[in-house]
Structure formats: C-alpha cells, structure tokens
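For this one, chain G is given, so just place chain A on it according to the hints.
Protein chains: 2
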Amino acid sequence: MTETRLDVLCIGNAIVDIIADCDDAFLEREGLTKGMMRLIDAEEAVRLYDHMGPAREVSGGSAGNTAAGIAALGARAGFIGQVAPDQLGEFYRHDLTATGVEFTTPATDFGVPTARSMILVTPDAHRTMNTFLGAAQLLPASALDAAQIEGAATLYLEGYLWDPETPRYAMVKAIDIARRAGRKVAFTLSDTFCIDRHRGGFNQLLDDGRLDILFANEAEIKMLAGTDDFEAAMAATQGRVQTLVVTRSELGAIAVQDGARAEVPAEPVCKVVDTTGAGDLFAAGFLAGQAQGRSLEDSLVMGAVAAAEVISHYGARPETDLKALVARRLG
Amino acid sequence: MTETRLDVLCIGNAIVDIIADCDDAFLEREGLTKGMMRLIDAEEAVRLYDHMGPAREVSGGSAGNTAAGIAALGARAGFIGQVAPDQLGEFYRHDLTATGVEFTTPATDFGVPTARSMILVTPDAHRTMNTFLGAAQLLPASALDAAQIEGAATLYLEGYLWDPETPRYAMVKAIDIARRAGRKVAFTLSDTFCIDRHRGGFNQLLDDGRLDILFANEAEIKMLAGTDDFEAAMAATQGRVQTLVVTRSELGAIAVQDGARAEVPAEPVCKVVDTTGAGDLFAAGFLAGQAQGRSLEDSLVMGAVAAAEVISHYGARPETDLKALVARRLG
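Note that the protein sequences, when read in sequence, are chains G and A.
Okay, so the first sequence: first residue is 1 according to this note's numbering, each after it adds one.
Okay, so the second sequence: first residue is 332 according to this note's numbering, each after it adds one.
For reference, chain G alone in the conformation it holds in the complex (with noise of 0.2 Å):
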C-alpha cells in the first residue's frame, strides 16, 4: 500500500449553522420535533428564518465537523463538499482552510445557494436542525479527487449524505475507489429519522463488507438494529463491521473493534450550552486517535474530550485547543 497524504477524508454536506435560541412553546408551534434534522425546502426555509430569533453564523456540517476536529487534533484531515460561489460558501471554504483541513472541491453555480441549517437551541441545550441543502445536495461524482480518496488513510461519510441522490452516488462511488485502494471506509449513522428512510442501504453497506468503522448513538443502533435492547442492538451489529463506536450521551462511549470491547465514561462539562456537534466532534476524536496509533480505549476518551468541548458553547466547531485539553487528559 502506497503512502498516505491524508489520515481522514471526509465527504459530507457543506453547510453553513445559523443557530437561534428558542423555547419549547416556539418548536411545538412549528411543529418541530426536538433533537431532530429535517430536511426543508427553500420556501420552508425564508417561513421559518423569519420567525426565528437573531441568529449566530457557524461553519457546520456533520462531515465538516468531523474534518475541523481531526484538524484540530493533530491529524491530517481533508474534506470533500459542495458549496455555492456566495457568501456563505466563502465563509464555509475559509472556516474549514483556517482549521488546516484541505478543501478543494471548487464552489460551483448551479443557481442555488450554499446549505444552511437553522439551528433551534432549546435551554436545556438540544438543538433541532432544520437544513435546507442547497447546492451540497448537487455534489456531482465528478467533484472527486481519485488520487485524494487513494491517498486518504481513511474515508468518512455522513449518512445525512444519503437523503439526496447526487452526492449519495458520489459516495458510492468514493467507497468503490476507496476499497480498491485499502484503505478503510467509515460511516456515521448520523440521525434516527434518517435511518429511518434508509435502513434498508444502510444494513446493505454493512452486510457487503463496504464498511471498516460505524459510528452510531444509542438511539441510532438501536434504529439499525430494528431493538428496543441496547445490548441486543450492540450484538446485532459488532459482528458486522471491524470497528463499531456507539455514544451514548452522559452515559458515556463504548467501541468494539475485532471482538474486543472498550468502554469510557462521559467527561465532565461545566455546562452544556449546545450539542449540536457532540457526535461529529466524538468521531473526530476517535478517528485522530487511532490516526496516532493510540489504544482503542484512549481513541474513546479523545473523542469525549473532542465531544466535551464542543457542547460548552454554541456551534459545532472546537474553539478551544482540542491538543492542550488531550494532552492534559492523557499526557
């Protein structure tokens, strides 16, 4: 196998977070289900920004979270995305370059704007998405890089890149050249709902050895696994994929990877402002930590401590140094 220029190459929605405060009244008023992504059309989109309350402005993305996190570790990350030649598309290209991941799928005019997700943050710090998809729903095939994909030790997908069919046909296609050349494939379930509309690719992703690593939440593998029963679910799917990491909130992580099992506690927060970006930031630790080369159970406490950060405030992009705050908690 040839050398590698990148540790991790993650494709997903380039999307640029708009996040407001709410209160529960105003989510059941829009009818709105807490916690959740869904997908909104333009129209949906200018209705609801105008009810919303004065927003912050954040670079975003499940994938591109992941990408800014591992950058932010250390590891050498790379991101494969879709944006607009506007503002936002501008904004998404200096956030991710400025973080030190390479980001060279060019901006393309196909007469719609960069994605944006309104972002509800209730007081009790969970966040309900609300993504309009714009031009990152377009990512053609042809946005590839084969000799980037080869290069990547890994490769990350987002299974929210899986609603639309452009880019899912991308990722296909990213997987295809991925596999062919070693390296591993990793995926992250991303939503419940989204699992929801897509078991039936997801399972078969699994059942065709085309995945290495599988990221998921309690709610999530428990959705895949069609159980009720945690453990039941974590049975159903270790077997399938080498290397399974399933959060499971304050309860903690566990991993299982070639049958064995590691198993961290949540690290601690003062207070939990946001946690849009828990998951993204928990993946972005692990996969810099096995990039390292650390042991399984330390790759999980990296991923906390990712995570930990960056549900103290408001957005999905570290704002701390992610390397001083691991260095402390594993030297």
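No lab work stands behind these hints: they were computed from the structure.
Since the model is a prediction, treat every value here as computed from it, not as a measurement.
Backbone N, C-alpha and C define an ideal beta-carbon position, used for all residues, glycine too.
Please note that the accuracy of each hint is not assured.
[Said to hold, decoys possible] DSS-like cross-link-like pairs, simulated, lysine-lysine; straight-line CA separation at most 27 Å:
(1) A:LYS365 / A:LYS654
(2) A:LYS654 / G:LYS271
(3) A:LYS602 / G:LYS271
(4) A:LYS515 / A:LYS365
(5) A:LYS515 / A:LYS504
(6) A:LYS602 / A:LYS654
(7) A:LYS602 / G:LYS323
[What the hints assert, rightly or not] With beta-carbon atoms standing in for the labels, derived distance ranges:
(8) A:GLU375 / G:VAL273: 30 to 36 Å
(9) A:ASP455 / G:SER312: 19 to 25 Å
(10) A:HIS382 / G:SER312: 24 to 30 Å
Below, chain A alone, put in the same frame as chain G:
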C-alpha cells in the same frame, strides 16, 4: 410636540462581525494596534481574512448593537443603515428585525457587498476591529425617512459613521430633521482614532448645541478634550451638552445631566470573553432607562448590566434576557 413612535432611532454602519480568536503575536505580525478600529479596503479584507482563524459571523455595527439592546430591554428602537442585497445583508436585517428593531432602510445594489468587520479577540478579551465598510459607507441622505426621525424621541448616531462622506452628510441632515422636530440627539464618540480624524467636526457639533447626549469612554473624552487628566476632560465637556455619559471599563461609569452627577461601579462578570459591544450596550441600557423614565443613576445601572452581559460571550448583541437581568438588579 407630537406623540413618538420610537424611543430611540439609531443611525450607524450596518456591519456583520466576523469574529476569530488570535494571540498578541498575530496582531503584531499583521501590524495591528490592539483595541482599535481601522478601516480597510476590499483587498486588505481578503488578505487578512486569509490569515484569520475560523470565525463566527454575528450581526454587529455600533449603533445596530445599541438598537438591538434597546429593543431587548423593552424600549422602542429603530435603525437606519445601508446593506447590500446579499446574504450578509439578509442576516443583518433578520437579526435586527428578530430582536424587535424597526429597520426599513432598503438594501441597495451599489456594486459593493454588505459591510463586515473582522474582529480579532485576544486571550485578554480585547478586540481589534478591521472594518470593510462596503455598502455601509454609501448610506444616502435620500434613504432617510423624515417622518420616522420626527417620530423618534431620541436620534442616536455613531461617530464611526463620520468617517465616510456620504453617510456623514445623511447624519447631518438627520440631526437637522430631529432638532426641527424638537427631538433629542445623542452621539457616541466611538473610538480614539476616529476622534483623532474628526476632532474638529465633533467639537463643532457640541459647540453648535446640536447634541443633547454624548457617550464616550475615558480615553475618548480625554482625546476629545485634548488632555490626559480625566476630571479636566469631564469639566471641559460637561457644560457643552445636557447629558454626558462616560464609561470607564472596570471602574464603572459616570453621567452628568443638567449639572447633577451620578456614578455607578461596573457590574461583576464571571469571565470576560470578548469586550466587543461593551460601549454599545452601555448606551443601550442608559437610553432604555431614560426612555422608561428611570433616574440618572438607575439608567447607568441598566447600562452597566447590559454591558456586563455582552462582554461575557463572543459577539456584540445580547444573548441573555436583558429585561430579566435588569429586573433582578433594579426590581
């Protein structure tokens, strides 16, 4: 005098803040003076942005922040400022409107984008602002709505707007309209470099009796008066304006109104994160207090409470319920 529709109508640069952390070495490398605001052109904006770390985008602009604070405190606020018909302009309008501020100045395509200020925050929470004025510097006098100005009890203007010629002319015209209608005119000195550029013009406004309320911080009042002695600067200025409000960071604030003097200490803050907007929100609290018929001292306390909130997080707009904070403090 006819009834008022607004308590305070603010005119200012409509600017989106792009906020990133940096260290002192970065400021030095870029040749920037900590704590200052400088105006930059499009080329320098691109160059500096390329060097900056990942950022948050939040609506800002001095008078816009003040308008948002006034509305958040339950008083009736309006804003006049120029945005372009682009994504930043849409954010700007949304954020002000969602706070309850009347903002009807139409977006206009002058071929330049909406203004943005790249704000670099050092670990000591001080901010250094690099402002590309874009559309903001093209606010034409024709965009003023005379009836709106006549219907506002107080017209509030930012010194920054004195820099570009076009909005300076609009501002002078707005002062005329307000004075003819018997309304009060308030002015903030904004920045010592700004005073250095316009000391003559600012002193002329005072000497012509065109200002009723003047806001400054300690450095600014000294700069305007041309003395390093704080009390001498107060003495030289307080007779030239009905109400003089001077903030002194952690030393609190002083107001002199019709010869009576009030003084309050700074409100305690757990952790100062980003001082951007401290003066803007102090002005908001003071003006809202005056609009609500509160005493000079209680108006100062409201200023201190609003300023303390805004320096406890990134961004220059309130993120907590200011009305509740004031109610807790003043009952």
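Structure versus earlier hints, numbers of those that do not hold, lowest first: 1, 4
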